[in-house]
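S.K.: Sequence:
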Amino acid sequence: MAYAAKLIDYFENPRCVGEIENADAVAQVSNPVCGDVMKLWLKVDADTIIDAKFKAQGCSAAIATSSYATEMIIGMNLKQARTITKEHIADGLGGLPGSKMHCSVLACDAIREALKGFA
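Quick note: the sequence shown uses the numbering used here, first residue 2, plus one each step.
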């Protein structure tokens, strides 16, 4: 399976890259098998994610899924963000080869980890 045009766009033009000063939540996750790493910063107002930024180190699919997932959660309430799955992320990018599905898991795990501190 070749990468979809949308995934390539998110890799070549990542959105939401950077850090948030005074973030309400920060999480870092990694995949020890492939070495991919994602760090996620969130700014939350009341029950809504009002900003999200990421930094990632990894393959093109890891960068694209990190970028897409980060952009996806902005504007969501915490309950909605907790329901995001690896399939939501992969499908939103036009699919991922089976060998790259772990990249969407990385992004999903970062979101879940960042949200642990909220009730």
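Treat the hints with care, since some could be wrong.
[As the list claims (entries may be wrong)] Below are the SDA-like pairs computed for lysine to any residue, each with C-alpha atoms no more than 25 Å apart in a straight line:
| no. | residue 1 | residue 2 |
| --- | --- | --- |
| 1 | K44 | V34 |
| 2 | K101 | G36 |
| 3 | K117 | Q81 |
| 4 | K80 | G36 |
| 5 | K117 | V18 |
| 6 | K117 | G95 |
| 7 | K54 | N23 |
| 8 | K56 | A6 |
Because the hints were derived from the structure by calculation, they are not lab data.
S.K.: Does each hint hold? Answer for all of them.
M.R.: Taking the hints in turn, this is what the structure says about them:
no. : hint       : result
1   : K44 x V34  : 30 Å, violated
2   : K101 x G36 : 13 Å, holds
3   : K117 x Q81 : 14 Å, holds
4   : K80 x G36  : 30 Å, violated
5   : K117 x V18 : 22 Å, holds
6   : K117 x G95 : 29 Å, violated
7   : K54 x N23  : 12 Å, holds
8   : K56 x A6   : 22 Å, holds
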